[in-house]
Amino acid sequence: MNDDEKFDTWIRDAAGSYNEPPAGVPREEMWTVIRQGTAVRQKPATWRSRPFMRWAPLAAAATLLLAVGYSAGRMARTTTAPDTVASTSAPAVSADTSNPLYDAAVVSHFSRAEAMLTSFRADSAGTDASLDRWARDLLSDTRLLLDSPAASDLRRRRLLEDLELTLAQIVQLPAASSSDDQEIVDRAIERGELLTRLRNVMPRVSGT
Amino acid sequence: MSERDLIALAASGDPGAQRALYEAHVDRVYRLAYRLAGDDDLARDFTQDAFIRAFQRLGDFRGESAFGTWLHAITVSVSLNGLRKVKRLRTRETGLDQAESLGTTTRRADPDLRQRLTAAIDALPTGYRTVFLMHDVEGFTHEEIGQALGIQTGTSKAQLFRARGRLREALADFAGAWSA
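Line order of the protein sequences matches chains A and B.
When we follow the numbering used here, the leftmost residue of the first sequence carries the number 1, and every step to the right adds one.
When we follow the numbering used here, the leftmost residue of the second sequence carries the number 209, and every step to the right adds one.
Mixed in with the good hints, there may be bad ones.
Stated by the list, open to error - Every beta carbon over 10 Å from chain A, so not counted as near; a handful from chain B, in silico: (1) A245; (2) G246; (3) I260; (4) T349; (5) E351; (6) Q360; (7) T361; (8) T363.
Claimed, not checked - Per the computed footprint, the stretches of chain A lying under chain B, defined by three or more beta-carbons under 8 Å from a beta-carbon of chain B, are: (9) 9-17; (10) 26-34; (11) 135-145.
Because the hints were derived from the structure by calculation, they are not lab data.
Every value quoted in this text rests on a predicted model; they were computed, and no experiment measured them.
Even for Gly, the Cβ is constructed at its ideal location relative to N, Cα and C.
My request is simple: use the sequences and hints to build the entire structure.
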């Protein structure tokens, strides 16, 4: 074996540590995003004239979940009112966030937001009607959450505010938006590390 | 059920078939995206983008190559475009002076072999680096690489030869490590 062949063998072994992937692939987390992104972006012929129908079931389920969470959060706030008054001087994280129904609503919302933003970034041909409608739906839910006890958690509030800003930018994109328009939104997503933060607030599901 | 049947079902929007295709290919797609990106968040983004695009375009898949090869072509395209976009955004935000070093870190002063190797691979032109990672690190054949990158098999071999040559030059002072 000459030196070049020895090098080739050595480099194959040594380069294995270059950008080495983790042992576990986050299958379920990625699948959730892919499934949601695919479900909304699919264009069966019979639905082409009614894009609303594509996302309506998903939106209805999410809105129902949000409504339940919102109500549960309000109930929890009412029952803990004396404690809340007593601690108004401390801007601490709210106890409301421990409500499991409320948490489920928030996690569902963030999961849909991640899927939507991923689809937006994957779409190089401009936002179509279904994506625009999806963004509007998420924007209204985000505002609902910002007005709810969920926003009393400082970390969640900041994330919701950044998400609201980004969604508002997407909604305002013209139908035939240019790549420059999309890049401005991409930049906002990148700068705010929005996708990373959305993933970080969601419970981790084991990979393989 | 054969993969061809799964593809036909998945193209019609069947979530079970899409999931089956995903399960069969996600490990290699994610590994490839991770090798190219070197970052978990980017690798996830690229993997997700690749599958979403693949499922959207399944109707265009004619079966002229293996489904995996077609999917890897989408993955490489999504990853390289994504990396260009990330680099462009970071370039604007870090300023031109610092931008010169983005993606081409040299770290010549660092004596550690692993870091030198990492720097040398980072410094390869994108085409060389992609072929090197796919062939020598992830075990793709030249035929698979050619189909995934849309280049001739001979071009893939030539790019690998040049990539190894550049690495050999960059790591010349570590000659003893492999000739021993």
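Now the hints, each set against the structure:
1. A245: Its Cβ does come within 10 Å of chain A, the nearest being 7 Å, so this is violated.
2. G246: violated, 4 Å
3. I260: violated, 5 Å
4. T349: Given that every Cβ of chain A is farther than 10 Å from that of T349(B), nearest at about 14 Å, it holds.
5. E351: holds, 19 Å
6. Q360: The claim holds: Q360(B) sits with its nearest Cβ about 21 Å from chain A, beyond 10 Å.
7. T361: holds, 18 Å
8. T363: holds, 19 Å
9. 9-17: Since three or more residues must qualify, the claim that chain B covers the stretch 9-17 of chain A holds, with 8 doing so at under 8 Å.
10. 26-34: holds (count 7)
11. 135-145: violated (count 0)
Hint check: violations occur at hints 1, 2, 3 and 11; the rest are consistent with the structure.
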